[in-house]
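One-letter residues, chain by chain:
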Amino acid sequence: MLRIPCPHCGERDYTEFRYGGDASKPRPAHDERDVRAWHDHVFVFANPRGPHREYWQHVQGCRQWLILERDTATNTVGAARLARDGAGA
Amino acid sequence: MSERYSALALARHALTGAPWPRAWRRADPRPHYDVVIIGGGGHGLATAYYLAKNHRVTRVAVLERAVIGSGNVGRNTTLVRSNYLLDGNTQFFEHSLRLWEGLSHELNFNVMLSQRGQVVLAHGPAQLDVLARKGNVMRLNGIDAELLDRGEVQRLLPYLDFSAHSRFPIHGGLLQRRAGTVRHDAVAWGYARAASGLGVDIVENCEVTGFLRDGDRVIGVETTRGRIGADRTAISVAGHTSQVAALAGLRVPVESHLLQAFVTEPIKPFVDHVISFGAELFYISQSDKGGLVFGGHIDGFNSYTQRGQFPKVQTVAECAVALIPSISRLRLLRHWAGIQDMTPDGSPFIGRTPLRDLFLNGGWCYQGFKATPAAGWCFAHTLAHGEEHPLIEHLSLERFLAGNGHDEYGNGLWTYRQ
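So the sequences go chain by chain: A and B. If you read the first sequence in the working numbering, its first letter stands for residue 1, the second for the next number, and so on. If you read the second sequence in the working numbering, its first letter stands for residue 1, the second for the next number, and so on.
Check each hint, because a few of them may be wrong.
Only pairs whose alpha carbons sit at most 20 Å apart, straight line, appear in this in silico SDA-like list of lysine to any residue [stated by the list, open to error]:
1. LYS25(A) - GLY249(B)
2. LYS25(A) - LEU250(B)
3. LYS53(B) - ASN108(B)
4. LYS25(A) - TRP414(B)
5. LYS25(A) - ARG251(B)
6. LYS25(A) - ASN108(B)
7. LYS25(A) - LYS53(B)
To be clear, the hints were calculated from the coordinates, so they are not data collected in a lab.
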C-alpha cells in the first residue's frame, strides 16, 4: 500500500487521496499566446522512471493539495508539502 | 528454415521422435537494416511480419531488451472485439478483428481464437440507449451487433445477479458474437516464427541505449550489442514509450500507469462469454484451464513497478461479486500488473514523429492487445511508405494541438481518468 505523509493529517493510505499529475511543469504565463506552450503544459509529460514530483489532493482528509516526491520505479515515497506554499519548478 | 506445422508433421514427429526445429532464428544484429523495430512485443513482431509479408521489406530487425513476449503481450486479459463507437476506431478495430479471424491460418500457428461473444451490460435505460447507438454504428459499418433486453441477457447469462436486491440491476446489453479471446503468448510466438521465416532478424537481449542522428534525421540506434544503422527506425515499446522517446529527445503525451489483471482458481466451464460490467470498468471471461480472468481500471497514479496496489484488488473483487454473486468464495490464484501507456484521450499514437525516419507506435491504454494485428498492419504500411495508413490517420502525435482528441469514452482529455 502506498502511504502518503500528509503535513496536516500524518501518514495515510493513498486511497484517501486523489492523484493530480506531474507537479514539475511550470504553468505558462497567463498571457502566453503560443498554443504549443499550452499544449505541452496540459498534455505532454516527462513521465520519468525514477524521481517524480506530483500533485495529490487529500480528498478524504484535510482536502489540501500536496506536492509529493515519489520514485516511480519503486514507489518509494519522499517528502510531501502543501502545494499552496509554492508549486513546482 | 521453420517447418510447416500440420497434422502430418505432428504424426511424423510422433513416430520418428525427431526433435522440432526452433520456431524462430536467434539472430545476431547486422550493421544495417532497412527498418529497425524497437520492442519485441506483439505489436513490434506483427509490424515486422507485415513489413515482410505485405511490403516485401525483409531487411528488418526487431530489437528486444529481454526476451520476446515478456511484456504486455503476455500480461493482458486476452480479449478481442470491435465494438467501438467513434469513426476511425470502429473501422480500425474491425480490421483488427478480421485479421484475428484469419490469423492462425495466416501464421500457421494456432493462436486459439475463441469467438465466444462479448456482452456489454447496461444497468439503466439511458445506458441501453448508448449501447443501441453504438450497435447501430457497428451495423452501419458491417459489424455484427445485437441489442439484448433484460430477458435475453438472463437467458444467455443466467448466473448474473438478476435478484430483486441486485446493486446494479441489469437492464439489457449489447452482444457482439464475433468477439472473444485469443491465447496471447501464441500471438507473440506465431508472429515471431512467421516473421523469422520471411527473413526478419529477431534480436533478443538487445537494449536500445540511444539513437544515431544526422541532423533532424534518425539513422539508427545505439544498443547494448553495438551500433545498428537503419533507413527507418520504429518505436514500439508500450509501457516505456516515454523512456525510449526521451532517448531521441522527444517528449510525448503519455503517462505510464499500472493495470492489474486477476485469475481465480480453476473451476468447471461456467462463464462461456466475455462479459463487461456497465456500472464500473470490469470485464471477465474464463480461460480454457478454467480460471476466471478479469480486470478493472488502472491503479490511479503513474508507476513502473509492475506491482499492483491492494485496494484495487478489493474494488475489482467487489465488481466481480456484484455481477456474479456465486463466485464470491473463489480464491484468487494470482494477480499481476502491466505498465500501460495512458494518453489524454485514451487513444494511441501511430505514425511519424517530429524527427525524420523515426516512427512511433504507442500510447495504447487499454486497447493494445486487441489492436495487435491491425496496429502491425498499419504501422508496417506507415514504415514502408513513409506516411500514415488511412486507418490510423486520426491517431497522430500532434492531434491535441489541432483540438482533435479522439475520446472514445467521453471522459474528456484527462490522462489518468481515461
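*Going through the earlier hints one by one, which of them does the structure break, listed in rising order?*
6, 7
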